[in-house]
Amino acid sequence: MSEILQTILPIIHTFGEDLFGTLLWPLVWTVAKVVMLLAPVLFIVTYITLAERKIIGAMQVRPGPNRAGIFGVLLPLADALKLITKETIIPKHADLPVFFLAPTLTLAPALVVWAVVPFSPELVLADINIGLLFILAISSLGAYGVLMAGWASNSRYAFLGSMRSASQMISYEVSMGFTLIPVVMLTGSLNLVDVVEAQSDVWNIVPLLPLFVIYFISVVAETNRAPFDLPEAEAELVAGFITEYSAMSSGVFFMGEYANIVMVSFLGALMFLGGWLPPIGLLSFIPGLVWLGIKAGFLMFVFLWLRATFPRYRYDQLMRLGWKVFLPVSLFWIFLTGLMIHLFKA
Amino acid sequence: MVADIVFYLFATITVIAALGVVSVKNQVHSVLFLVLTFFTTSALFVLLGAEFLAAILIMVYMGAVAILFLFVVMMLDVEFSALKERAMQYLPMGIAVGVIILIELIVIITQVHIDHDAAGAVASDVPNTLELGRLLYTKYLLPFEIASVILLVALVGAIVLTYRERKRPKRQNIQKQMARTPEQSVELKKVASGEGAS
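As given, the protein sequences belong to chains A and B, one line each in that order. To convert a position in the first sequence, counted from 1, into my numbering, add 1076. To convert a position in the second sequence, counted from 1, into my numbering, add 9.
For the record, the hints were derived by calculation from the structure and aren't laboratory data. Keep in mind that a hint or two might mislead.
[Claimed, not checked] Only pairs whose alpha carbons sit at most 30 Å apart, straight line, appear in this in silico DSS-like list of lysine-lysine: (1) B:K185 - B:K199; (2) B:K93 - A:K1168; (3) A:K1421 - B:K148; (4) B:K185 - A:K1400; (5) A:K1400 - B:K176; (6) A:K1168 - B:K34; (7) B:K179 - A:K1400; (8) B:K198 - B:K185.
Extracted from the complex, chain A is given alone in its bound form (with noise of 0.2 Å):
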């Protein structure tokens, strides 16, 4: 891999150069790139909705969408179609700028993010040495685009709806970076290249398990998806902060929410399961990249096991679940993880 990208990386250069000019390349060169690196985000995006509802189908013993191409292959595009050419309602006494920034403010973060997820130790697009700090930053950033939604739809549901998820989305980000902190203690490092590498002798979920559960629960509630998916209990709150939103602007919030979804399991991935390290040696003919997409796909794959498999959570569980239980608990592992390098180091 690395040998292959020293060879031709030189060529596109040159290339480069005489086509753009030595001024201009780099910056087109960096668009390249982050095209190179989104195009396969936003794929995954697109086809995550289609394996939701085929998985679910599958467990509830349905067929699931199978009209539009082979297996319903082309029902992603279908949905795009119909989202992008539908009318885009706005509510009289809408605030527009913050109206239509909300739903970009949530999808934005999601993308940005990726420029420092690594995917193997060449193919990172920003090698930066606070890796985690930077995605635990700009992740946080998610629930304006929320309050924003519900505030500027100016409808009581909307609201009250936003006004839930924004505390939600606060509440389990905490124990989430909690819970990532004894993996940052065992590496010595905020590089997700160093955290990876740093578990090539055992993977951070066998010292960390507790920790791993309470990670992945966290993130299902971090990202509103069943059964934590509270801001759309249609039952109660219509559709949540989404309620005043139409077409392609509720579609942009549903691209937010999957991106989002992938991104947590590739971090899941890469912090506690070893990320593109193969769990034998004798498996290292198997391209890192594989098995980095098998263990953030079997992550993907639990998030829409459980939509098919819990019932929704009332609201003051949810709250005493992340205050009351996973905080605690994830302190008191960064305690013991201290305790434990500091005895073992010794």
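Given the coordinates of chain A, assemble chain B onto it according to the supplied hints.
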């Protein structure tokens, strides 16, 4: 050159957004401008090479503090025209605070000289997260601990101030709920027609 362009871009947005905070009428827009100011300021921190401070600024100020502002401002339905009528009486106070901050800034900019080649400076290839942590837990351990205790006191104080005990708490007791049996909770009564249950 590229760094200059990026700096002026973000600096311009910061200044415009900061002006927006104090000049727009709608208080929610004002908070959103404040958020934009925080964001571009953290971009300026990145340009300075202080990426840890940038990430913390976003996480703490945008991810927590400004969201709480937004919560409060969105929920309060305050009639601001009534407040504005009395705004003039606070003008001397406001001017005094502004002048003090201005003097402090001038003193800092003109008097404090940052010596980049001083003996205490560390090489730029050391990640500043590492170096900050090292300094906080060795040289500045006591101030750091005192600051965290003060924050804790503020936290406890806020809870004590806002805690309001109900006369009849409506807490959910899971054990009690699970222990309930149909015999305890449902009572069947024979109701004769025309009399009603008692």
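Hints versus structure:
Under the criterion of a C-alpha separation no larger than 30 Å, the hint pairing K185 (chain B) with K199 (chain B) is consistent with the structure, at around 28 Å. Between the alpha carbons of K93 (chain B) and K1168 (chain A) the distance comes to roughly 28 Å, so the proposed pair stays at or under 30 Å and holds. A threshold of 30 Å between alpha carbons decides the hint, and for K1421 (chain A) with K148 (chain B) the separation of about 24 Å falls inside it, so the pair holds. For the hint pairing K185 (chain B) with K1400 (chain A), the CA-to-CA distance comes to about 19 Å; that is within 30 Å, so the pair holds.
Between K1400 (chain A) and K176 (chain B) the CA atoms are separated by roughly 24 Å; this keeps the pair inside 30 Å, and the hint holds. For the hint linking K1168 (chain A) to K34 (chain B), the alpha-carbon distance of about 20 Å falls within 30 Å, and the restraint holds. About 18 Å separates the Cα atoms of K179 (chain B) and K1400 (chain A), which keeps this hinted pair within 30 Å; it holds. Note on K198 (chain B) and K185 (chain B): the hinted pairing holds, with a Cα-Cα distance of about 25 Å set against a maximum of 30 Å.
Hint violations for this structure: none, all hints satisfied.
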